[in-house]
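Keeping the supplied structure of chain X fixed, place chain U upon it in accordance with the hints.
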Amino acid sequence: MLNILVYGAVTSAVYAMLAVGFTLIFGVARVLNLAHGAFYGLGAYAAYVLTARLGWPLLPAAIVAVLFVAAFGVAVERVLIRPLRNSALAVLMITIAVGLLFEQAMYLLFGSEARNVPAFSNATWSYAGLDVSGQRLLTLGFGAAVIGLLWLFINRTRLGAAILALSQDREGALYVGIPADRIYAVVMAISAAIAASAGVLTAPFLTVQPTMDLLPMIKAFSIVIVGGLGSIPGSILAALLLGYSETIVAYAISPAWTEIVSLVAVLLTLILRPAGLLGKRAAF
Amino acid sequence: MKGRRATGVIVVLAALAALPLFIRSEYLLGILSVCFIYGIWATSWDFMSGLTGRENFGHALFIGAGAYTAAFLNGKVGFAPWWGLPAGAAMAGGLSLVIGIPTLRLRGPYFALAMLAAATIMQRLTLIFWQYSGGEEGIPGLDPLLESKAAVYYLCLGVFVVITLALLLLAGSHWGLILRSIRGDEAAAQAAGVNVTFHKIAALVVSAFCAGIGGVLYAHYQEAVTPDVFSVALSISIIIMVYVGGIGSLYGPAAGAVLLALLPELLRGLGQYRLWVYSLVLIFILFFAPEGVIAPLWRRVTGGATGGAP
Chain X
1 MLNILVYGAV
11 TSAVYAMLAV
21 GFTLIFGVAR
31 VLNLAHGAFY
41 GLGAYAAYVL
51 TARLGWPLLP
61 AAIVAVLFVA
71 AFGVAVERVL
81 IRPLRNSALA
91 VLMITIAVGL
101 LFEQAMYLLF
111 GSEARNVPAF
121 SNATWSYAGL
131 DVSGQRLLTL
141 GFGAAVIGLL
151 WLFINRTRLG
161 AAILALSQDR
171 EGALYVGIPA
181 DRIYAVVMAI
191 SAAIAASAGV
201 LTAPFLTVQP
211 TMDLLPMIKA
221 FSIVIVGGLG
231 SIPGSILAAL
241 LLGYSETIVA
251 YAISPAWTEI
261 VSLVAVLLTL
271 ILRPAGLLGK
281 RAAF
Chain U
1 MKGRRATGVI
11 VVLAALAALP
21 LFIRSEYLLG
31 ILSVCFIYGI
41 WATSWDFMSG
51 LTGRENFGHA
61 LFIGAGAYTA
71 AFLNGKVGFA
81 PWWGLPAGAA
91 MAGGLSLVIG
101 IPTLRLRGPY
111 FALAMLAAAT
121 IMQRLTLIFW
131 QYSGGEEGIP
141 GLDPLLESKA
151 AVYYLCLGVF
161 VVITLALLLL
171 AGSHWGLILR
181 SIRGDEAAAQ
191 AAGVNVTFHK
201 IAALVVSAFC
211 AGIGGVLYAH
221 YQEAVTPDVF
231 SVALSISIII
241 MVYVGGIGSL
251 YGPAAGAVLL
261 ALLPELLRGL
271 GQYRLWVYSL
281 VLIFILFFAP
291 EGVIAPLWRR
301 VTGGATGGAP
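Listed in order, the protein sequences are those of chains X and U.
Position 224 (the first sequence) corresponds to 224 in this note's numbering; numbering is contiguous.
Position 65 (the second sequence) corresponds to 65 in this note's numbering; numbering is contiguous.
Calculated directly from the structure, the hints in this document are not laboratory data.
Pulled from the structure, derived: some chain U residues nowhere near chain X, Cβ distances all over 12 Å:
no.	residue
1	L170
2	R180
3	L297
Covered stretches of chain X, going by a simulated chain U footprint (3 or more residues, C-beta under 8 Å):
no.	segment
4	75-88
5	216-225
6	260-271
Glycine residues also receive a C-beta, built at the ideal position from the N, C-alpha and C atoms.
Extracted from the complex, chain X is given alone in its bound form:
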């Protein structure tokens, strides 16, 4: 019981970190970023290169890795997405090409074997028959903190207000002088940085491989569909729902069945409530 409670929370935190960035860039810039998984993977690989190949200590390596991925995200937005923005299909294709290039580049540079990234904490917490690694608890805490900060940033700052305005009414926002292109770059940086920090934090207990980008991304957009495209509270709620459903299925039936949970959740949502849990009806 306690197992489910703690492990479910850790899974949910990781999912929320991935889904929030994905839904943010969709809500604000109408970009369905299929390279989102590549940001997550690039974070983990950057941390691996800095720590294992260059021998950096973990904390600066993690910070530089996250900043590097944020810059990469801005570059992708600026160079590849912006010129194609008037065609939704072209944007989808260019982001999926970036994802494909990431996989191929990691495969050529580092091979297909799994790589190790050191953990921040090697301690194990034991309580009432439950063992959780410190790294997992750290992931949970960091995820909760990041989402809280993002919430404050969007609702309490001027830049956050501009982001909200753009997501609500693009033309209205342009008329009052909000610089849309600059905001898109900021949102892309935030989205990429959160995905990359999830990659760095989960790397010690998940595998770092060239194909690591795909499943987390599939989870991210399953959550975003269940929560409602473009809604941040919706994706947090859906991350909790899917994180806990998967953990319960893993304990009650078998870990093999967890992969089906998100697909069933997506299909059920689209049949019963297409706008998602907290989506606006205008979303479809």
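Coordinates of chain U only, in the frame set by chain X:
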């Protein structure tokens, strides 16, 4: 103009049909057979997604469904290989209903995302339920549909040509016009009394059915099936082939698929970098030739606008 186009088609077909008379290498005939199977996949993708504008990011779901159904019937149950064709196509068509009905009634990116998710999750499931699907190794030891490589070549060419012509006819018919009207303006088509949801789902079923047939041919050509038939890389490769050919024209993607599938085989040593090359080609096409390469070229050579293109 029509005469020149017909001549062009006949010349290309005659050349392909005569090829086995000159090429004695079984290896090369095998590669060409796979190229035709890619042609089936690209044309069937274009029929649904090119005409209606609803992009399908998981065509491999239907390919894999056809391939695994055929492999299961032949390799595990022991049916004659030909049973795979109807069964695999039906399985792919059935799966398309499961995904299509909930997602295609909606506007927005739901269909694209659900297809990508479904194909990836199916690939995971083949690994997880390895007792039935053979896991990473897949199901080996299938019987070939026909014994000689030349016969398989003609089979793949024949199915490819029949499917391409049938889909071109459908695309040129009244139904094709309805499908293109959905891409042009879905709301306007609906206002004009077109049941857009029904037509989108019907087009998806046709597309899935053809992809399933291609999957069955592929499984029996390889005499084995592995989880790679569900991979995102396969889905994306097919979309890239369609883009190079010219989206929405059907014949362009058919030719684009054959040529792009052949390219890495011709340039030896490139096979390993295939996806790398494909993604660079895709970025190039998106920025510099959004209409594709082959269909516009064909139109210029044979003169005038050809059917199928919007």
